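> With the hints as your guide, set chain C onto chain B.
There are 2 protein chains.
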Amino acid sequence: MKVSELGEFGLIELLAKIAGQSKDKSVLIGIGDDAACWRTEACAQLATSDSLIQDVHFALSTTTWRELGWKALAVNLSDIAAMGGLPQYALVSLGLPGDIEVASVAELYEGMAELARLFEVSIVGGDSVDAPVVMLSLAVVGRAQKTQSVLTRSAAAPGDRIAVTGYLGASAAGLAMLKKGLELYEKDKETAATLREAHLKPYPRVVEGQAMARHGVKAAIDLSDGLVSDLSKLCKASGVGARLFTSQIPVHPMVRGSFGDDSIKLALSGGEDYELLFTAQPEVIYKVMEAVPCPVTVIGEIVAEPKMVKVIDEHGNEVKLEKEGWEHFAGGGG
Amino acid sequence: MKVSELGEFGLIELLAKIAGQSKDKSVLIGIGDDAACWRTEACAQLATSDSLIQDVHFALSTTTWRELGWKALAVNLSDIAAMGGLPQYALVSLGLPGDIEVASVAELYEGMAELARLFEVSIVGGDSVDAPVVMLSLAVVGRAQKTQSVLTRSAAAPGDRIAVTGYLGASAAGLAMLKKGLELYEKDKETAATLREAHLKPYPRVVEGQAMARHGVKAAIDLSDGLVSDLSKLCKASGVGARLFTSQIPVHPMVRGSFGDDSIKLALSGGEDYELLFTAQPEVIYKVMEAVPCPVTVIGEIVAEPKMVKVIDEHGNEVKLEKEGWEHFAGGGG
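Those protein sequence lines, which keep their order, are chains B and C.
Each residue of the first sequence is one higher than the last, beginning at 1 in this note's numbering.
Each residue of the second sequence is one higher than the last, beginning at 1 in this note's numbering.
Just so you know, the hints here were simulated from the structure itself, not pulled from any lab data.
A portion of the hints provided could be inaccurate.
What the hints assert, rightly or not - Cross-link-like lysine to aspartate or glutamate pairs, in silico, EDC-like; alpha carbons within 16 Å at most:
(1) C:K236 / B:E13
(2) B:K17 / B:E107
(3) B:K146 / C:E41
(4) C:K17 / C:E114
(5) C:K146 / B:E41
(6) C:K233 / B:E13
(7) B:K236 / C:E13
(8) C:K17 / C:E110
(9) C:K201 / C:E107
(10) B:K233 / C:E13
(11) C:K2 / C:E101
None of the values given here were measured: they were computed from a predicted structure.
With the rest of the complex left out, here is chain B:
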């Protein structure tokens, strides 16, 4: 059955069922009224919104609907994670062409609901409208552990070390593989599958962000546009500069294996790894390393010279990057 045959109200009922009744007792009103309602204690609340648009952020030829639902929520959870917060409630605005199969939209919601359950996020509302292409616009509301523990882009200070969670470059490598055609990577199916998943089903560092906040980290950003691009934003917001050492960048081992010399570029400029970059004094970084389940690697340092991100290679020479990362609308300038 097509979405146009089921109609808006039938679709909302179906999606509400998949999203499920919230087990969170603070939720007073979920999907189906004019607005969602939940009970909150006095706290510092966090909120973010982010959209995925067909043929800009994803292609239906290379992603499953389930992965798409997962990713749309994941990129928003990643923003809450980058503030050191706990994501709690999600609102989903869906734009859909009328000829999309209802079963596809159900899968999309299942992917979203799967990730929501993992982090105990309640899908409490949203709307669905007719649109020329598939668009997912999500808003996620959460809370900080304490007001003073919120991680910001503007709190980096000279002398801080720069660290990242996980490995870099895998998402951009997966995208490159998808664009060329995965059949080219038949020889190593495991690598192809891993890098594909890194791009299509990123895992938000929610637990890690909270550990950072708890252990005294003050500055963080999630890596959506690319390492150098996102670090530049953090530097600009903090009025500081940064030095990155390419030899220390944790390039994903499978990227190194498959992309050789290009792998460092993918790690520096490729977007959508959704790892967290944070800055702190070394002793704070060590505490975070001990507290989180994923690798944490020191990759550089914050300097006073404002707004400059210098990338230094293994010989101590500065590397010039052609393109810092991914920016929307960047056909002409940017």
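Showing chain C alone in chain B's frame:
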């Protein structure tokens, strides 16, 4: 300058300036970080999201950018109003083709900021992405006055009277005029301008919704899809039925003047008036009438027979409606 020339980050900086620094001291972090952050007291929080898509919800040939920005926020404030709540924070996800003029996007934001200032709503975040058509997806978070005073769709009870704020049919009449071409209405420019504005710049009933909650109203919905359609949703959610009396419907006087016999249809089935429909005992409705600045009219009653909305004409006969209102994806079924 085109959006593609300015680039995403330049655009965000510009829009942040137009949105302005929030005067709300509870806002700790506004536009420019991974997520917005505000301090909240213990309360019942409300949240809603709603999207407007080019050529589905609006045409750039008939709306100004400023009106479009206003309306995108207004429809979300209307949802918070329908819960009897106070809107506080807005997140704006913009999808824009790269060839849109930056000046146009600035106007759009000015329209949004104008309405936000009026109701002391802080625009605290969002994102902007490349898209094939203009799409505005907003999320608004607010709060109820008290947990027990939230207005819901599910609280209507047999014996309640049904009332609406303001006048009905003006938005649908404005849309009909815009579709036919406003030049046809040269004879009465004031009517044309009023009805056009009713469609393009609806005024959310935020003050009225709060007065309802304060005076003991329990059930409400905002009129976005059409009077009969929205009343049907309220009846379904409450497990009740309703009788509407056409002779009591407050058809907008200018609609009556310009559309004659069709005007009652526009009032019953036309969408997007963004008035509030609520149900309560007569004495509660009288209190609301005295408390709010706009007209409040009793138009029918809630009955026990579930899920049926009967429309009764001035002779006591039931009127059959061809189409209850506006539903998305309703090309085929729905």
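> Now, for every hint given, state plainly whether the structure supports it.
Checked hints:
1. C:K236 / B:E13: 12 Å, holds
2. B:K17 / B:E107: 12 Å, holds
3. B:K146 / C:E41: Holds, at roughly 13 Å.
4. C:K17 / C:E114: 13 Å, holds
5. C:K146 / B:E41: Given that 16 Å is the threshold and the Cα spacing comes to 13 Å, the pair holds.
6. C:K233 / B:E13: Distance ~12 Å between K233 of chain C and E13 of chain B Cα, so the pair holds.
7. B:K236 / C:E13: 12 Å, holds
8. C:K17 / C:E110: Holds, at about 10 Å.
9. C:K201 / C:E107: 14 Å, holds
10. B:K233 / C:E13: 12 Å, holds
11. C:K2 / C:E101: 4 Å, holds
Of the numbered hints listed earlier, not one is contradicted by the structure.
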